[in-house]
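What the sequence shown shows, in this note's numbering, is residues 3 to 582, in sequence order.
Hints in this document: simulated from the structure, not taken from any laboratory.
Everything numeric in this text was worked out from a predicted model, so none of it was measured.
A virtual CB, placed ideally from N, CA and C, is assigned to each residue, including glycine.
Don't take each hint at face value.
What the hints assert, rightly or not - No more than 20 Å apart at the CA atoms, straight line, and that leaves these computed lysine to aspartate or glutamate pairs for EDC-like:
1. Lys363 x Glu536
2. Lys126 x Glu197
3. Lys441 x Glu430
What the hints assert, rightly or not - Across the chosen pairs, the derived CB separations fall in these ranges:
4. Arg94 x Pro60: 46 to 54 Å
5. Ala532 x Ile373: 44 to 52 Å
6. Ile86 x Val175: 30 to 38 Å
7. Gln418 x Gly440: 28 to 36 Å
8. Arg124 x Pro262: 43 to 51 Å
9. Val465 x Val128: 36 to 44 Å
10. Pro262 x Tyr425: 42 to 50 Å
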Amino acid sequence: MTAALSTPAKPRSPHHAGRSARLGPRFDGDLLLASVLINSLGLAVPIAMLQIFDRVIPNQSLGTLDGIMLVMFGVIALDAVLKIVRSRILLRAAEAQEREIAPLALDRLFRADLPALRKLGRAKLVDHLQAVQHLRNLFPRQRSILAVDLVFSLIYLTAIFALAGALVLVPLVLMAVVVAAALPLRSAQNRAVGEDRSLDQKGLSYLSQALRHTRAVKLWGAHLAVQKSYDGLHRQQARASATLSRISGIYYGLTVTLGPAATGMTSLFGGYLVMQQQIGLAELAACILLTGRATQPVFQTVFSSNEERLAKRTTRELRSFLWLPDAPSRGLPADPNQPGLELLDLSERDRFARVTLDAPKGALIVIQGRIGADPSALLEVVAGERAPSEGAIRIKGRIPRLSALSCEPRAMRFLQRKPLLFYGTLRENLTEFTEDKGKAAELVQRFGLGPELNAMPGGLDWVYQGSGTGGGSTGLFKKLNLAAAIAAQPELLLLEAPLVDLDPKSAATIAAEIIALRGETTILATAPSAALLEAADIVVTLHQNRPADVTHRAMGADLDAWVAETNGGTPTQIATREAS
3 MTAALSTPAK PRSPHHAGRS ARLGPRFDGD LLLASVLINS LGLAVPIAML QIFDRVIPNQ
63 SLGTLDGIML VMFGVIALDA VLKIVRSRIL LRAAEAQERE IAPLALDRLF RADLPALRKL
123 GRAKLVDHLQ AVQHLRNLFP RQRSILAVDL VFSLIYLTAI FALAGALVLV PLVLMAVVVA
183 AALPLRSAQN RAVGEDRSLD QKGLSYLSQA LRHTRAVKLW GAHLAVQKSY DGLHRQQARA
243 SATLSRISGI YYGLTVTLGP AATGMTSLFG GYLVMQQQIG LAELAACILL TGRATQPVFQ
303 TVFSSNEERL AKRTTRELRS FLWLPDAPSR GLPADPNQPG LELLDLSERD RFARVTLDAP
363 KGALIVIQGR IGADPSALLE VVAGERAPSE GAIRIKGRIP RLSALSCEPR AMRFLQRKPL
423 LFYGTLRENL TEFTEDKGKA AELVQRFGLG PELNAMPGGL DWVYQGSGTG GGSTGLFKKL
483 NLAAAIAAQP ELLLLEAPLV DLDPKSAATI AAEIIALRGE TTILATAPSA ALLEAADIVV
543 TLHQNRPADV THRAMGADLD AWVAETNGGT PTQIATREAS
């Protein structure tokens, strides 16, 4: 029994963490205390009005009046400070939840079952990942503090009833009328929001389809038909946007005018009660102030913004995304004692045939191709971008599968010949949006990027906005990609023509950095230079329709001997045994 109690609990999987994650606003002690104090201070001014009209003015007590004024200034200042503190608490809570949910959403993208992800579609997946930012709207908006404000609204109404009796009917009737009038407006706004979102998706889908066939559209002169259809969609979007603008304008107008209207009606009917000598001026002054504080939370609740409703809907969608099932766990776990990379009779129809090799961790493998063979296709197959027609791949003794894998932060990098930069500064592309801490400057010096960056406006802080915009050469962008990838020291680095499009000096620098990774990173590189060929541990020469030639070289010790000792034979012997 004791042993059972001392057994540590099994850690929860990321899937369970996603299911248990709380979305939306949450109260904490500081937020509750700040909201209570703010609303309690709302009673100070009406009480002061009672004292001024009931005692100070009749007794002409100027000293007491000065004291009350000083107290009121202090109350107003404290109220402002408390509201600032409450807004900071809400912002910190929003940031904390975003830090909690964002990694879970990204983790779900990579761990969820592939058919479930495909069912959602690419656009929906991007929406789900960006939905985390909308959660912030649930905090700064009134939803997380209106609960306390509405409780105090009842307290204010009770105070009005205690002071002036039937006068409390004025704010109550006004609130009932506002709620009744807002229901059809809210329904119309929800329909307009849904229509606007649907039209946005239709427009995006139509444009993507049209752009996919741009050549055919230009060739056959079909651009007028495309433009006509798009104009029709645009007119529908304009009507939906105009509806939303009108409703938002009505909301804004009502929000601005209803507060003064409530105090004005209270003054009007209260003045009648004063003339009837049913209440005094002191009670009327206090009730006017209390009416404004009582009706404000109700109006804010009724006329809550469209952004908050969007955030609520986004929360529901994000919760369903976090609940997607895990991909099934299949295959054996990675074994660090197994070869870093094994290719078992790997073929891709009409591109290369029968590549068999065992490479230890940290081997430098260069790939060449004879006429008709495609070395880049081999990289794509190893990366998982292309399925082989025959054969298999093992990485550290495990066949890669579309399954729930353990986290391997240094697993693999695949750099294609054409550089791929993110929208952002060159510094962010070098550091890959992580904290700099001098990393960018070190990489600039290490890879000799200084002269080219100095020629760019802004240097490292120049913003990349896409290829063909704003300047910058293909060679510079390629060196930035290579520098970031090499600095990350992945376990497997796939390089498609890494030295092509570079000047001789830069090519020599990059080649030296690639060679320096040997022993820690397994590297596959196509279109090698003389330096890479000389340093290579394994040279693969692809043929289109016959087995590849694989040449092993020494890597500290005889590589063929290492292969034979590890696997019980050379790659050719193993392939022969498996074929038989």
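Tested hints:
1. Lys363 x Glu536: holds (19 Å)
2. Lys126 x Glu197: Distance of about 17 Å is within 20 Å: holds.
3. Lys441 x Glu430: holds (11 Å)
4. Arg94 x Pro60: 46 to 54 Å: holds (49 Å)
5. Ala532 x Ile373: 44 to 52 Å: violated (21 Å)
6. Ile86 x Val175: 30 to 38 Å: With Cβ atoms ~35 Å apart, the hint holds.
7. Gln418 x Gly440: 28 to 36 Å: holds (29 Å)
8. Arg124 x Pro262: 43 to 51 Å: holds (50 Å)
9. Val465 x Val128: 36 to 44 Å: Violated: the Cβ-Cβ distance is about 22 Å, outside 36 to 44 Å.
10. Pro262 x Tyr425: 42 to 50 Å: holds (47 Å)
Hints 5 and 9 from the earlier list are contradicted by this structure; the remaining hints agree with it.
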